[in-house]
Amino acid sequence: MVWGGAGYVLFPQDSAIHQSFLTITIVGIATATVGTLTPYLAALNSFILITIPPILFKYVTLEDSIGQLMSFGLAIYTSVLLIGSRRFHDYLSENTILRIVARQREMLIQENEKRYRLLYEKSEDAMLLVSNYQITMANLAAINMLGYENENEIIGTSTWEHMPLSQKNGVSSEYKVKLIKHDLKMSGFGRFEWICKRKNGEIFPVEMAVTLVTLNNQQSLFCVIRDISRTKKIQHQLIKAQRKADAANKAKSDFLANISHEIRTPMHAVIGLTKVLLLNPLSIKQLVRAQSIKSNAELTLSILNDILDFSKIEAGKLELRKQNFNLKSLMDSLGSSLHSRFNAKKLFLHINAPDEINQNLSGDQNRVRQILNNLIDNAYKYTDSGGITINCRIIESDEYYSKIGFEVIDTGIGINREDAKKLFHRFSQADDSTTKRYKGVGLGLSICKQLISLMDGDISFTSEPGKGSVFSFYIKLENAQVISQTEPSEFISVETIKKISAKALVVDDIETNQYVTKEMLEIFGVEVVTVGSGFKALEKLQNEDFDIVFMDCQMPDMDGFEKTLRIRQLEKHENIPIIALTANALSEARDKCIVSGMNDYLSKPISLELLQNVLHQYIRNQDYSKLTTSPKQSKLSLITNKYPIKKYFNFSTLYERLGGNLEVIHKIINQFKYSMKSHIQNISDSFEKSEISNVISISHKLKGSAANLSCENLSELAHRIETSLKDGNIDDASEMIKDLYPCYDDTISQIEKIMSSK
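Residue numbers (the numbering used here): 1 to 758.
Treat the hints loosely; a few may be bogus.
Here are the computed distance ranges between Cβ atoms for each label pair [to be verified]:
#1 Ile730 x Asn144: 34 to 44 angstroms
#2 Glu522 x Glu478: 35 to 45 angstroms
#3 Asp456 x Ser283: 50 to 60 angstroms
Please keep in mind that the hints were generated in silico from the structure rather than gathered at the bench.
Beta carbons are placed, not taken as given, at the ideal position from N, Cα and C, and that holds for glycine.
Could you build all of it, start to finish, from the sequences and the hints given here?
Okay, structure coming up:
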C-alpha cells in the first residue's frame, strides 16, 4: 500500500513505474483481502467482483501499451487468485471438520475412560492387573476382598501371597498355575474356581476369570474375581438338606419294607387259611363270617400293596421288569379269574379280546395286570347292576413297538364333574359317603396313572352320574419275537417240581439256614455242598466244580460282597452264577448285590417258586423231568386245614414254603429243634458277661434259624432282643432274654404235638 501510494504521487500516470506501483497496490489489497475472507467464500467473491473489474476496465480503456499489459496481467492474477482462494477455502473447511471430529473423538474417549474407570472402581467384583506375578493395579473391591487398607498397600505384592500352598483336592497351587498358564497361551482366556488367601491368612473360595492382555509391550493378566463363599455355603446346605431328605426317604422305605413284611406274613396266612376253611362244610353263620374275614383281609392287603407301590413311585424307585408274555393269554387269564366273582354279584363281565391281540410282547405283565385289576376293582365296587365290559386292541404297531389300547366300561354310579377333577389325586375318592360305603384309601387310580406313565402311556375317562363310566388308557410295549415255552409257572407244588442235574454251593454261617436251603435245593434234584465261612467257600471253589453258588450276604469273616469279588478273580469261576441270600427285602439290597457282581438275589425265607425260577434261569441245557411224590404230599388244602396256624409253630407256612414235602420238614425239625437251645444258652452266657456284641450276633442267628423253621414267636423275640440292644435298651433286652427259655419250651411242645401225627 505504501509503495503503491508513493509511486502514484512521484510518477506520472503514463509512466510504467506508476502503473506498476498501482498494480502492486491493487494486488496487495486483493491478496490481504483474500487471506482474510477465504473462510467466507461468499464475501470473498463479492469483494473481488466489486474491486477488480472496474480496475481492469480502466486499464483496458487506456490507449497506451503499458495499460494494456497491466490489464492482461491483472486478469490472469485475478483468475489465479480465485482458483487459489477456492482451494484454500476447501482446505480450511476440511481442516476445520477434522479438528471438530478429532475433538469429538477425544471427548468420547475421555467419557468412555471415565465410565470404565467408574465401573472398575465401583464394581462389586474384584479386579486386578498382574504382571510378572505382581499386582500392578487393584480396584476397591479387590482391596477389601484381600483385606488391605488402600491401593498403595496392595500394589507390588506377589500373587503367591494371596493363595495357599494347595488348592482343593490337595493339588498344589504352583502346579495349578502352570496348567492355567498353558490354557491361557492356547486360548487367551480362562475361567475357573480358585482358593485365595486374605492378608490375615484366611482362605476362601472364588470364581476367577482371567484374560491375557498386552500393555506397554508387556503381557499382563487382567483378573476378575468373585467371592463365592456364600454360594458354596448355600450349596453345602442344599447338599446336606438333600442328604437328609434322602436319609428320611430311605428310612421311610426301610420302615415300609419292614412293616410290610410284618403285616404281609399274617395277612397271607389269614387269607390262605380262610380259603381253606371255606372249602369245608360250614353253617350259614360260619360261612358268612368266613367270607367276611376273607374279603376284609384281601382289602387290607390290597390297601397295603397300594401304599407300598405309591411310596416306591413317589421315591422314583419303582422298576418295571421286562418279561415276555402273550397279550391274549393275559386277557383270557384275567377273565377266568374274575367270572366267579362277578357271578356272585350277578353282574355280567364281557372281555373283548380279538385274535389281533394274540401278540407276543415284552414288558412288566404283572404291572399291566395290576392296572387292569385296579380299574376293574373300581368299576366292580361302584356297579350294583348291569356289568362291566373290557376292550383290548392294538392301536398301532411297527417292527419294534406296539401301542395297546384298553377300555373298562361299567354301568355303575358314575362320577360328577366336581369329583372328576380330583379323581387321579392320591388319597382321594368321590366323597366321604363313597369311602364309607365302598372302602379303600383312594390310591388305586393314582397308581394306575403313574404306572401307565412309566409305560409311555396315558389315561382318560368319561362319566355320567347314574349311567356309568368309561376309563380308557394306552401303553407302549416292546414286541417279543419268541415266548419261552419253558417259563416256570407262578404256582408250584411238589407234583410239578422238575429235577435239575446240577451242583450247588451254599454259603451260610447259620447251620439251620444251610440245611433248609440244602433240603429245598435237593427237592429239585440238585447236589448240594454247604460251608459256613467265606474262606471255606473259596477253598471249595478252587478244588471242585459247581454250577451255581448261593451266598449269604452277612458273614462274620467275609461278607457276601467281598466273597463275590474274590470268586470273580478265580479264572474258572469268573462267570459262575452267584445268588445272594439276604433278609433285606428292599430294592436297594438287590441293586447292591448286582453292583458287587452277583447275578440275582433271594429274600429269606426262600420260597420254592422263586428258587425254581432262579434255577431255571441260571442253569442252562438241562433235561427237566417230573418228580414223583407220594399221595400224602399232594393235598396241601387238607394238611393246612387240619393244622392251622399255631402260636409258636406255623406249620402251614413251613409246609407251603417247602412244597408240601413232609420228609424234608421232618429232617429239618429233627436235626435242628435242639440247636436253638444252644443259641439261647449262648445268649444268656454272653449277656451275663456283658458281651453285648456277641448277644446281638447270636440273637440275629437265632432269629434266622427260628424263621426258617417257622417258629414265629421265638424268631420275633430274638429280633426284639437284637433291636433293643442295638438301640441301647439293656433293661428291656434283659427282661426279654428271661423269656427265651419259656418261649423255646412252648415252641418245642407245639412242634412235637403237631409232628407226632406225621
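Evaluated hints:
Between isoleucine 730 and asparagine 144, the C-beta spacing of about 58 angstroms breaks the proposed range 34 to 44 angstroms. Remark: the range hint 35 to 45 angstroms for glutamate 522 to glutamate 478 is upheld by a beta-carbon distance near 38 angstroms. Against the hinted window of 50 to 60 angstroms, the Cβ-Cβ separation of aspartate 456 and serine 283 comes to about 53 angstroms, which satisfies the hint.
Violated hint for the displayed structure: number 1, the only one.
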